[in-house]
Amino acid sequence: MSKRTIIPFGPQHPVLPEPVHLDLVLEDELVVDAIPRIGFVHRGLEKLVEKRDYTQFVYITERICGICSFGHSYGYSECIEQLMQIEVPPRAQYLRVIFHELSRIHSHLLWLGLMADAFGYEALFMHCWRLRETVLDIFERITGGRVIFSACNVGGFKREVSNNQLAGIVTELEKLQQEYKTISKAFLEDSSVKNRMVGIGYISKKDATMHSMVGPFARASGLAIDERLDKVGAYGELSSFVPVTSEDGDCYARCAVRIEEVNQSIAIIKELSGKIPDGEIMNKPKGKIDKGALAMTTLEQPRGQAFYYAKGNGTKFLERMRVRTPTSQNLSGLVAALQGCEFADVPVIILTIDPCISCTER
Amino acid sequence: MKIYHKVEFIDFNSEEILSIAKKACDNNLSFVQICASAFDNGDCELLYTFKENNQYNPALIGYKTIVEKQKSVHSITDYFPAAFVFENEAHDLFGVKFEGINIDFKGNFYKLPVAYPMNPNINVAEKFAEQGGQDE
Numbered sequence: 001m002s003k004r005t006i007i008p009f010g011p012q013h014p015v016l017p018e019p020v021h022l023d024l025v026l027e028d029e030l031v032v033d034a035i036p037r038i039g040f041v042h043r044g045l046e047k048l049v050e051k052r053d054y055t056q057f058v059y060i061t062e063r064i065c066g067i068c069s070f071g072h073s074y075g076y077s078e079c080i081e082q083l084m085q086i087e088v089p090p091r092a093q094y095l096r097v098i099f100h101e102l103s104r105i106h107s108h109l110l111w112l113g114l115m116a117d118a119f120g121y122e123a124l125f126m127h128c129w130r131l132r133e134t135v136l137d138i139f140e141r142i143t144g145g146r147v148i149f150s151a152c153n154v155g156g157f158k159r160e161v162s163n164n165q166l167a168g169i170v171t172e173l174e175k176l177q178q179e180y181k182t183i184s185k186a187f188l189e190d191s192s193v194k195n196r197m198v199g200i201g202y203i204s205k206k207d208a209t210m211h212s213m214v215g216p217f218a219r220a221s222g223l224a225i226d227e228r229l230d231k232v233g234a235y236g237e238l239s240s241f242v243p244v245t246s247e248d249g250d251c252y253a254r255c256a257v258r259i260e261e262v263n264q265s266i267a268i269i270k271e272l273s274g275k276i277p278d279g280e281i282m283n284k285p286k287g288k289i290d291k292g293a294l295a296m297t298t299l300e301q302p303r304g305q306a307f308y309y310a311k312g313n314g315t316k317f318l319e320r321m322r323v324r325t326p327t328s329q330n331l332s333g334l335v336a337a338l339q340g341c342e343f344a345d346v347p348v349i350i351l352t353i354d355p356c357i358s359c360t361e362r
Numbered sequence: 001m002k003i004y005h006k007v008e009f010i011d012f013n014s015e016e017i018l019s020i021a022k023k024a025c026d027n028n029l030s031f032v033q034i035c036a037s038a039f040d041n042g043d044c045e046l047l048y049t050f051k052e053n054n055q056y057n058p059a060l061i062g063y064k065t066i067v068e069k070q071k072s073v074h075s076i077t078d079y080f081p082a083a084f085v086f087e088n089e090a091h092d093l094f095g096v097k098f099e100g101i102n103i104d105f106k107g108n109f110y111k112l113p114v115a116y117p118m119n120p121n122i123n124v125a126e127k128f129a130e131q132g133g134q135d136e
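As given, the protein sequences belong to chains C and A, one line each in that order. Using the working numbering, read the first sequence as starting at 1 and increasing by one per residue. Using the working numbering, read the second sequence as starting at 1 and increasing by one per residue.
These are calculated hints, taken from the structure and not from any lab test. Be careful, since some hints might not be right.
What the hints assert, rightly or not - Cβ pair distances, simulated, as ranges:
id: 1; chain 1: C; residue 1: Gly287; chain 2: A; residue 2: Asp11; range: 24 to 32 Å
id: 2; chain 1: A; residue 1: Gln55; chain 2: C; residue 2: Lys275; range: 22 to 30 Å
id: 3; chain 1: A; residue 1: Gly100; chain 2: C; residue 2: Gly120; range: 39 to 47 Å
id: 4; chain 1: C; residue 1: Asp290; chain 2: A; residue 2: Asp11; range: 28 to 36 Å
id: 5; chain 1: A; residue 1: Ala115; chain 2: C; residue 2: Met126; range: 39 to 47 Å
id: 6; chain 1: A; residue 1: Asn41; chain 2: C; residue 2: Pro14; range: 46 to 54 Å
id: 7; chain 1: C; residue 1: Gly279; chain 2: A; residue 2: Asp11; range: 38 to 46 Å
id: 8; chain 1: A; residue 1: Asp78; chain 2: C; residue 2: Gln165; range: 48 to 56 Å
id: 9; chain 1: A; residue 1: Lys6; chain 2: C; residue 2: Asn283; range: 18 to 26 Å
id: 10; chain 1: A; residue 1: Asn28; chain 2: C; residue 2: Gly199; range: 52 to 60 Å
id: 11; chain 1: A; residue 1: Lys23; chain 2: C; residue 2: Met126; range: 49 to 57 Å
Unchecked claim - With a Cα cut of at most 30 Å, we get these calculated DSSO-like pairs of lysine-lysine:
id: 12; chain 1: C; residue 1: Lys47; chain 2: C; residue 2: Lys316
id: 13; chain 1: C; residue 1: Lys206; chain 2: A; residue 2: Lys22
id: 14; chain 1: A; residue 1: Lys69; chain 2: C; residue 2: Lys51
id: 15; chain 1: C; residue 1: Lys206; chain 2: C; residue 2: Lys231
Claimed, not checked - Only some residues are given here: those of chain A computed to face chain C with a beta carbon under 7 Å:
id: 16; residue: Lys2
id: 17; residue: Val7
id: 18; residue: Ile10
id: 19; residue: Cys25
id: 20; residue: Asn27
id: 21; residue: Pro58
id: 22; residue: Pro81
Even for Gly, the Cβ is constructed at its ideal location relative to N, Cα and C.
Model the full assembly from the supplied sequences, consistent with the hints where possible.
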């Protein structure tokens with residue numbers, strides 16, 4: 001029988017931009033078990049609802065994560081709107097979805113860059129991040145901020161974006177898409193990339209269901225789950241929406257799903273920019289939240305389903321606010337993906353769930 | 001335009017949690033999360049959320065229960081392994097006790113300077129001072 005060894009992985013590791021720890025149980029070079037541990041940078045942001053009222057708290061939710069910043073303000077605002085029965089103007093609904101999809105594009109480009117960096121393809125890493133700058137430049141030009149831009153608020157959208165500006169965004173994305181095709185080809189066809197990903201970290205559809213996996217991690221195992229299918233907000237105005245899936249369940253499939261999702265997001269932005277209605281963008285909330293009022297909602301973040309829950313206490317402050325991020329949900333699936341892999345493949349497998357620890361450590 | 005998700009909140013007795021989890025599992029509901037909230041008397045409220053991924057009528061279902069200070073709750077990780085994150089979190093931050101978690105960190109999931117910081121009965125500043133202002 002092989003000797004068992006426990007190798008600590010993280011919280012500081014070259015492939016981990018943020019701290020997460022794994023105790024890897026090894027038999028020779030084979031990982032037989034992995035035990036994750038988080039909490040190294042836990043910030044307790046949910047507790048801040050006691051100090052900030054429901055309108056101020058949007059700025060806290062934006063700071064949960066730098067990559068999904070807009071998504072968190074969108075999800076939180078939607079939850080409070082449900083709690084207070086506020087009807088958001090249609091134009092604001094469209095703008096929210098357009099900005100959320102732009103965030104998904106830059107998040108996936110960021111991930112592709114990190115992935116290329118993890119297997120030592122530096123040139124590819126730089127090209128991915130260069131393209132990501134296009135989206136950040138769009139944010140900066142329209143809102144003044146590149147990462148946290150406070151565009152979404154309870155009741156609507158804070159900044160008017162003209163139809164000309166939207167047309168400009170579409171033109172830039174079309175240009176980006178041309179260059180993106182070349183980068184996608186490197187990921188999907190280059191043998192040095194495929195060698196590191198094909199058949200690695202396999203998760204079956206059955207296991208993906210059992211581990212309640214979410215986002216591209218689940219879709220790459222054949223689960224057609226996507227919160228955008230719920231057709232809440234302007235997602236319901238799309239002519240059609242079919243989640244990008246793959247049946248292969250390995251690291252390559254997760255990469256392929258994310259690559260195609262960038263194209264899908266560009267198509268969504270194009271469609272909604274072309275049919276966005278004119279009108280108001282804000283329906284300002286008034287008054288307090290009823291005591292005991294409850295609301296919950298979900299949103300498809302770049303990494304998968306995020307969950308928001310709020311409870312009122314009869315004042316402008318919330319009794320309880322809850323954010324459940326996709327990475328927390330995918331930890332169980334990560335453990336399953338690591339079981340049975342080679343030790344050298346661990347960094348690539350961890351990266352393919354696209355872990356966001358600052359979200360998890362909200 | 002549909003602007004909110006369909007949601008439903010159901011109260012239940014904490015001893016029924018296993019039968020609720022089994023029913024959710026049998027009906028192919030997806031597990032979403034567990035949220036703990038502490039009360040001043042030391043009791044805790046747990047909200048278990050499941051999602052019905054029906055294409056035509058998707059809905060979020062929240063099962064709420066109050067857990068008394070000294071009581072423990074059975075883990076649902078036999079049906080939903082992903083719940084270990086939330087059960088360990090509810091234990092480490094709020095002091096809720098769970099029986100039979102598949103990966104039980106026994107209070108070491110979150111690396112925190114004080115025990116149960118989200119529980120209103122614990123004065124975090126006093127507790128931190130008692131420990132000489134030092135991390136564990």
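Unmet hints by their number, sorted upward, for this structure: 4, 10, 18, 19, 20
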